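What follows is each chain in one-letter form.
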Amino acid sequence: MDSADRDMFRGAIHGDREAFEMIIRTMSRQLFAIAFGILQNREEAEDVVQDTFVKAWKSRWRVREPEKFPGWISTIARHRAYDILRRRRTVPLDEQLKEFAAPGNDSESPDDERHQQVRSALATLPELYRSAVALRYMQNMDYATIEQTLGLSNGALRGILGRALASMRKRLKPALATMI
Amino acid sequence: MPTIHDQIDEVLAAAVHNELTDDEQRALHLHLVECAECRALHKEEELMNKALGEAFTDEKPDSGFEKRMLYAFRRKAPPRPSIAAFLVNLIRSRATQLAAAAALLLALVEMGRLLTGEEMSIPFFRESRVASAPMAMNKETAATDAVTIGGRQFLAKSLPSRGVEGDFRTDNERFQNPTAQGVADSKSGLGAFAGQQAYARAKEESRATDDQRGPSSTGGQSAALLARTTTDVSAVPPSTDARAEQLSPSPSTLAQPNQANRKLIRNAHVELEVRSFDDAIQRIAGFANEGHGFIATSSSEKQENGKLRGEVVVKVLPENLDDFLGKLHGVGELKNQTIGTEDVTKQYLDADARLKNARAMEQRLLEILKRKSDDINDLLAVEKELGRVREQIEQMQGELKFMDAQIQFATVTIGLAEKDMDVPAGFLLKERAQVALYAQDVEKSYNEIKALASPKIQITSATLDRDNAGRVAARISMLIAPEESDAAISKVKAMGRVDNFQVQTERVARGGQGMSEDAKTERDKVQLNITIGREEQEAPLQQTSLRIRTSNVGERAKELRSLAEKQNGRVRTSSFARDPNGREFANVSLRVPLKNYGPLMQSLGALGKLENVSVHREERPDAQIDEANAPADVSIQVYSQGNIVPENTGVIATLRRTLAQGAAALMWSVQLIGVALAFLAPWLLPIALLIWIVRLISRARAAKRVR
Numbered sequence: 001m002d003s004a005d006r007d008m009f010r011g012a013i014h015g016d017r018e019a020f021e022m023i024i025r026t027m028s029r030q031l032f033a034i035a036f037g038i039l040q041n042r043e044e045a046e047d048v049v050q051d052t053f054v055k056a057w058k059s060r061w062r063v064r065e066p067e068k069f070p071g072w073i074s075t076i077a078r079h080r081a082y083d084i085l086r087r088r089r090t091v092p093l094d095e096q097l098k099e100f101a102a103p104g105n106d107s108e109s110p111d112d113e114r115h116q117q118v119r120s121a122l123a124t125l126p127e128l129y130r131s132a133v134a135l136r137y138m139q140n141m142d143y144a145t146i147e148q149t150l151g152l153s154n155g156a157l158r159g160i161l162g163r164a165l166a167s168m169r170k171r172l173k174p175a176l177a178t179m180i
Numbered sequence: 181m182p183t184i185h186d187q188i189d190e191v192l193a194a195a196v197h198n199e200l201t202d203d204e205q206r207a208l209h210l211h212l213v214e215c216a217e218c219r220a221l222h223k224e225e226e227l228m229n230k231a232l233g234e235a236f237t238d239e240k241p242d243s244g245f246e247k248r249m250l251y252a253f254r255r256k257a258p259p260r261p262s263i264a265a266f267l268v269n270l271i272r273s274r275a276t277q278l279a280a281a282a283a284l285l286l287a288l289v290e291m292g293r294l295l296t297g298e299e300m301s302i303p304f305f306r307e308s309r310v311a312s313a314p315m316a317m318n319k320e321t322a323a324t325d326a327v328t329i330g331g332r333q334f335l336a337k338s339l340p341s342r343g344v345e346g347d348f349r350t351d352n353e354r355f356q357n358p359t360a361q362g363v364a365d366s367k368s369g370l371g372a373f374a375g376q377q378a379y380a381r382a383k384e385e386s387r388a389t390d391d392q393r394g395p396s397s398t399g400g401q402s403a404a405l406l407a408r409t410t411t412d413v414s415a416v417p418p419s420t421d422a423r424a425e426q427l428s429p430s431p432s433t434l435a436q437p438n439q440a441n442r443k444l445i446r447n448a449h450v451e452l453e454v455r456s457f458d459d460a461i462q463r464i465a466g467f468a469n470e471g472h473g474f475i476a477t478s479s480s481e482k483q484e485n486g487k488l489r490g491e492v493v494v495k496v497l498p499e500n501l502d503d504f505l506g507k508l509h510g511v512g513e514l515k516n517q518t519i520g521t522e523d524v525t526k527q528y529l530d531a532d533a534r535l536k537n538a539r540a541m542e543q544r545l546l547e548i549l550k551r552k553s554d555d556i557n558d559l560l561a562v563e564k565e566l567g568r569v570r571e572q573i574e575q576m577q578g579e580l581k582f583m584d585a586q587i588q589f590a591t592v593t594i595g596l597a598e599k600d601m602d603v604p605a606g607f608l609l610k611e612r613a614q615v616a617l618y619a620q621d622v623e624k625s626y627n628e629i630k631a632l633a634s635p636k637i638q639i640t641s642a643t644l645d646r647d648n649a650g651r652v653a654a655r656i657s658m659l660i661a662p663e664e665s666d667a668a669i670s671k672v673k674a675m676g677r678v679d680n681f682q683v684q685t686e687r688v689a690r691g692g693q694g695m696s697e698d699a700k701t702e703r704d705k706v707q708l709n710i711t712i713g714r715e716e717q718e719a720p721l722q723q724t725s726l727r728i729r730t731s732n733v734g735e736r737a738k739e740l741r742s743l744a745e746k747q748n749g750r751v752r753t754s755s756f757a758r759d760p761n762g763r764e765f766a767n768v769s770l771r772v773p774l775k776n777y778g779p780l781m782q783s784l785g786a787l788g789k790l791e792n793v794s795v796h797r798e799e800r801p802d803a804q805i806d807e808a809n810a811p812a813d814v815s816i817q818v819y820s821q822g823n824i825v826p827e828n829t830g831v832i833a834t835l836r837r838t839l840a841q842g843a844a845a846l847m848w849s850v851q852l853i854g855v856a857l858a859f860l861a862p863w864l865l866p867i868a869l870l871i872w873i874v875r876l877i878s879r880a881r882a883a884k885r886v887r
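Residue numbers (my numbering), protein chains in the order written: chain A, 1 to 180; chain B, 181 to 887.
What the hints contain is simulated information worked out from the structure, not anything from laboratory work. As the structure is a computational prediction, the values presented were derived from the model and not from experiment. Heads up, some of the hints might be wrong.
[Stated by the list, open to error] Selected chain B positions facing chain A (Cβ under 10 Å, derived; list incomplete):
1. 229
2. 240
3. 585
[Said to hold, decoys possible] Here are the simulated lysine-lysine pairs, BS3-like style, with alpha carbons at most 27 Å apart:
4. 599/B with 700/B
5. 170/A with 223/B
6. 55/A with 564/B
7. 443/B with 581/B
8. 487/B with 515/B
9. 507/B with 443/B
10. 630/B with 599/B
11. 610/B with 624/B
12. 68/A with 256/B
13. 610/B with 705/B
14. 581/B with 636/B
15. 630/B with 55/A
16. 173/A with 581/B
17. 673/B with 610/B
18. 507/B with 487/B
19. 170/A with 230/B
20. 526/B with 515/B
21. 536/B with 599/B
22. 223/B with 173/A
23. 240/B with 170/A
24. 482/B with 599/B
25. 636/B with 700/B
26. 68/A with 247/B
27. 173/A with 240/B
28. 775/B with 746/B
29. 443/B with 482/B
30. 58/A with 256/B
31. 256/B with 487/B
32. 256/B with 55/A
33. 515/B with 495/B
34. 550/B with 564/B
35. 507/B with 58/A
36. 671/B with 705/B
37. 884/B with 170/A
38. 526/B with 443/B
39. 550/B with 536/B
Each residue gets a CB set at the ideal place from its N, CA and C atoms; glycine is no exception.
Please model the entire structure based on the sequences and the hints provided.
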C-alpha cells in the first residue's frame with residue numbers, strides 16, 4: 001500500500017467524505033467481485049456493494065489503522081453477501097439451481113451451458129474461495145493484492161486458489177473434456 | 181519436505197495464474213516431464229483457467245458502475261450538518277482563532293486585575309482631562325478645579341470645606357471607578373462615559389445660568405449627580421456668600437490683604453512629651469513673652485510613680501501663633517497637634533449693627549423723655565423701654581468685647597507629660613497556696629485549723645461537708661500576713677498527710693506597666709486554700725495482690741491481722757468462704773504506710789508459700805507527696821486445697837466426655853457437608869447449561885469443517 005492510499009484511508013476514517021468517495025471509486029469493483037463470487041447474481045451483488053459502503057461510512061471510526069481498511073470493508077461485503085445467501089438458502093439449493101438453469105434450456109449454446117456448469121461448480125465452494133476466485137478472474141488481480149483485499153496472511157491465497165481450482169476441476173472434468 | 185507432486189494443486193493454480201517464481205517454474209517443468217499424471221492435471225488446469233476466465237468475462241460490471249455506487253451512497257448517506265462538524269469548522273476558521281486569542285488575553289488581564297485589586301485606569305480618561313475637568317485626577321486637584329469654575333481662586337489645602345468637598349469626593353470616586361458604579365447602577369458601563377459628557381455639558385451651562393441643572397436623562401444616575409454637584413459649586417456668588425468664605429480659613433491664606441478685616445478666632449492644641457515639666461513651663465513662658473503673649477492658666481498633677489502631667493493655656497498674638505508653635509516643637513517630643521480657626525465676622529458685624537440700632541433707639545427714647553410728657557403712664561412706659569434697650573446695649577457690648585478678646589489673642593492649649601509616664605511605681609507579689617490533706621479525723625483537723633485564726637491570719641471561708649455515706653470533707657480559705665505565712669503553712673501541713681501542695685506567685689505592677697529598675701516589690705497577703713479528706717478515701721500509691729497457699733486458712737487469716745497491726749496498718753476488708761470441694765478462701769485487704777510495706781511483705785513469707793504476686797504503683801511525678809507515709813494496699817487471698825476428689829475427674833468421666841465431644845464433632849461435620857451442598861446446588865444448573873452450549877458450538881464447528 002503506497003502513502004497516497006494510506007492517506008486516503010486515513011482521511012476516510014476521520015470523516016473526510018471526499019476521501020471516502022475516492023475509495024468508492026477505486027474499490028467498488030473489487031467489492032462487487034467479492035459479492036458476486038458469493039451470490040452469483042449481479043443485482044444482489046450491486047446491492048451488497050451499496051450497503052457495504054453505507055455501513056462502512058457509518059461505522060468508519062471502528063478502524064484504527066488505515067492499512068486494515070481494505071480488509072475491513074471487504075469483510076463487511078462478505079458478511080453482507082453471506083447474509084443474503086443464507087436468506088436465499090431457505091429455498092432448497094437444488095430448486096435454485098433448477099430455476100437458474102430452467103429458462104431457455106433449449107436455445108442455450110454449448111458455451112452458455114459450460115458457463116452454467118462452471119457457475120454451479122463455483123457455487124459448491126466455500127464463500128471465501130468463491131470471493132478469491134472472483135477477484136482473480138473478474139479483476140485479474142495478483143495474489144498479493146487479493147490477499148490484502150481479503151485481509152489474508154501472506155501466502156495463504158495460493159493454497160485457497162489451488163484447492164478451489166482442483167475442486168472445480170474434478171467436478172467439471174467431463175465438461176472440460178469437451179473443450180479440447 | 182513436500183515435493184511438487186504433493187502440492188500439485190497449489191502449484192498448478194499458481195502456474196496458470198503466472199504467480200510462480202522462476203525456480204518454481206523450472207522445477208514444475210522438470211516434474212511435468214517426469215510425471216504423466218501431473219501433466220494431465222496441468223492440461224485440465226489450463227482448460228479450467230480458460231473456462232473460468234470466459235465465465236467471468238460477461239459478468240464484469242459495466243462502465244457506469246462506479247457512478248451508480250457513488251449516487252447510491254450519496255442518496256443513502258447524505259452529508260448531515262452535525263453540530264460537531266460545525267464546531268470543528270468554526271474552530272478551524274482564522275477569525276474565530278483570533279477572537280478566541282483576544283478574549284483569552286482580556287480574560288487574563290481581568291483576572292490579574294481581580295487578583296491584584298488594581299483599579300482600572302483607561303487612557304481615554306487621561307486624555308479627556310484637558311477638555312473636561314477631573315476624570316482621573318486626584319481628589320484635591322478635582323476640588324480645586326471645580327471651585328475655580330465659580331470664579332474664585334482657592335488653594336488645594338482648603339480642608340474645612342467639608343460639605344462641598346465631600347460631595348466632590350463621592351462623585352469623583354464614582355468617576356475614577358466606573359465598574360464600581362456599574363454594580364449598583366444597571367446602566368453601568370455607558371453610564372460613566374455618558375456621565376462624563378454630561379459633566380462637560382453641565383459645566384458649560386452652569387456658567388450661563390446659576391440654577392440650571394445639567395441634562396441627566398442621557399447620562400443616567402451618575403450624570404445627574406455630577407451635574408448637580410457642579411452647578412452647586414459654580415453657583416457660589418463670588419463676593420458675599422458665607423459658604424465661599426468658609427472655604428478659606430487656612431493659616432497660609434490669612435496673609436492675603438482682602439482677608440485683613442476678618443474677625444477670626446484662632447486656637448491650637450498641642451501635646452508634648454518633655455523631660456522635665458518645670459523646665460518646659462519656664463521655656464513656654466519665655467516663648468510667650470517673646471510673642472507678646474502670656475500664660476493664662478497652668479495646672480499640674482503628680483502621678484503615682486512621681487511623674488508630672490499638666491496643662492498650660494497660653495495666649496499669644498494671632499500673627500505670632502505660627503512662630504510660637506514652631507518654637508514649642510523644640511521643648512519636647514510632639515505627640516499631637518491641632519490648629520483650628522473660627523470665623524466670627526458675621527456674628528461680629530451682626531452684633532455691631534444691632535448695637536448701633538440699639539444706640540439709635542436709646543437716643544430716640546431719650547428725646548421722647550426730654551419732651552416732658554404729662555402722662556405719667558407714657559413716661560413709665562418710655563423708662564421701661566429705655567431700660568430694656570440699655571440692657572441690650574450692655575449685653576451686646578459685652579459680646580463684642582468677648583469676641584475682641586478672643587480675636588486679639590490666639591489660645592494655645594499645651595498638654596505636657598513627662599517621659600516614662602507609664603513606668604510602674606511598684607510591684608505587688610501575690611502568693612496563692614493550695615494544700616490538700618488526708619487526716620484520720622477530718623473534723624478534728626478542721627477545728628484545729630480554724631483555731632489558728634489571729635489578727636494576722638484571717639479565715640475567709642470554712643465549710644465542712646458530711647454526706648449520707650459518712651464521708652467527710654472540709655474546705656478552708658484563709659489570708660495570712662506575709663511574715664506569718666511560712667509558719668502557718670507548715671503548721672497546717674503537719675495536721676495530716678499532705679497529698680498535694682502548690683504555691684503560685686504573681687508579680688503585679690502598680691501605677692503603670694512594663695519594667696522599672698527603681699520600683700519596689702512588696703509582698704501581699706498570702707491566700708491559702710486547704711482541703712481535708714479522710715484517709716480512707718485516699719487512693720493508694722501502690723497496690724499489691726498475692727495468694728498464699730496453706731493448710732489452715734482461718735489461723736493464717738488471724739495471723740495476718742496481727743501482722744498488719746504490728747506494721748502500723750489496718751485491715752480494710754476481710755472475707756471467708758468454703759466451696760463444696762472443701763477448699764477454703766480468706767480474702768484480706770490491708771493498708772499500711774509505704775515505709776512499712778517492705779517489712780510486711782517479709783513477714784508474710786512466714787505464713788506460707790506466696791503465689792501470683794503482682795504490684796501496681798501509681799506514679800505521680802507532678803504532685804509533691806509524702807511518699808513514706810503514702811498508703812499502700814495489699815490484697816491477700818489465703819486458700820487451702822480441698823481433699824475431696826471432684827466429680828468431673830476419673831476414668832468414667834473422661835470416657836463420657838470423650839464420647840460426647842466425638843459425637844459433637846461428627847454432627848458438626850455433617851452440618852458442614854450440608855452447607856457445602858446447599859451452596860453448590862444452584863451452580864449445577866448453569867454449569868450444565870454451559871457444557872451443553874460448548875458442545876453445541878463444537879459440534880457446529882465440526883459440521884462446518886466437514887462441509
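Each hint, compared with the structure:
{"no.": "1", "hint": "229", "in the structure": "8 Å, holds"}
{"no.": "2", "hint": "240", "in the structure": "6 Å, holds"}
{"no.": "3", "hint": "585", "in the structure": "101 Å, violated"}
{"no.": "4", "hint": "599/B with 700/B", "in the structure": "20 Å, holds"}
{"no.": "5", "hint": "170/A with 223/B", "in the structure": "13 Å, holds"}
{"no.": "6", "hint": "55/A with 564/B", "in the structure": "126 Å, violated"}
{"no.": "7", "hint": "443/B with 581/B", "in the structure": "12 Å, holds"}
{"no.": "8", "hint": "487/B with 515/B", "in the structure": "17 Å, holds"}
{"no.": "9", "hint": "507/B with 443/B", "in the structure": "26 Å, holds"}
{"no.": "10", "hint": "630/B with 599/B", "in the structure": "50 Å, violated"}
{"no.": "11", "hint": "610/B with 624/B", "in the structure": "30 Å, violated"}
{"no.": "12", "hint": "68/A with 256/B", "in the structure": "25 Å, holds"}
{"no.": "13", "hint": "610/B with 705/B", "in the structure": "7 Å, holds"}
{"no.": "14", "hint": "581/B with 636/B", "in the structure": "67 Å, violated"}
{"no.": "15", "hint": "630/B with 55/A", "in the structure": "110 Å, violated"}
{"no.": "16", "hint": "173/A with 581/B", "in the structure": "154 Å, violated"}
{"no.": "17", "hint": "673/B with 610/B", "in the structure": "21 Å, holds"}
{"no.": "18", "hint": "507/B with 487/B", "in the structure": "24 Å, holds"}
{"no.": "19", "hint": "170/A with 230/B", "in the structure": "15 Å, holds"}
{"no.": "20", "hint": "526/B with 515/B", "in the structure": "35 Å, violated"}
{"no.": "21", "hint": "536/B with 599/B", "in the structure": "54 Å, violated"}
{"no.": "22", "hint": "223/B with 173/A", "in the structure": "11 Å, holds"}
{"no.": "23", "hint": "240/B with 170/A", "in the structure": "26 Å, holds"}
{"no.": "24", "hint": "482/B with 599/B", "in the structure": "13 Å, holds"}
{"no.": "25", "hint": "636/B with 700/B", "in the structure": "23 Å, holds"}
{"no.": "26", "hint": "68/A with 247/B", "in the structure": "25 Å, holds"}
{"no.": "27", "hint": "173/A with 240/B", "in the structure": "26 Å, holds"}
{"no.": "28", "hint": "775/B with 746/B", "in the structure": "13 Å, holds"}
{"no.": "29", "hint": "443/B with 482/B", "in the structure": "39 Å, violated"}
{"no.": "30", "hint": "58/A with 256/B", "in the structure": "11 Å, holds"}
{"no.": "31", "hint": "256/B with 487/B", "in the structure": "108 Å, violated"}
{"no.": "32", "hint": "256/B with 55/A", "in the structure": "10 Å, holds"}
{"no.": "33", "hint": "515/B with 495/B", "in the structure": "21 Å, holds"}
{"no.": "34", "hint": "550/B with 564/B", "in the structure": "15 Å, holds"}
{"no.": "35", "hint": "507/B with 58/A", "in the structure": "99 Å, violated"}
{"no.": "36", "hint": "671/B with 705/B", "in the structure": "17 Å, holds"}
{"no.": "37", "hint": "884/B with 170/A", "in the structure": "21 Å, holds"}
{"no.": "38", "hint": "526/B with 443/B", "in the structure": "8 Å, holds"}
{"no.": "39", "hint": "550/B with 536/B", "in the structure": "21 Å, holds"}
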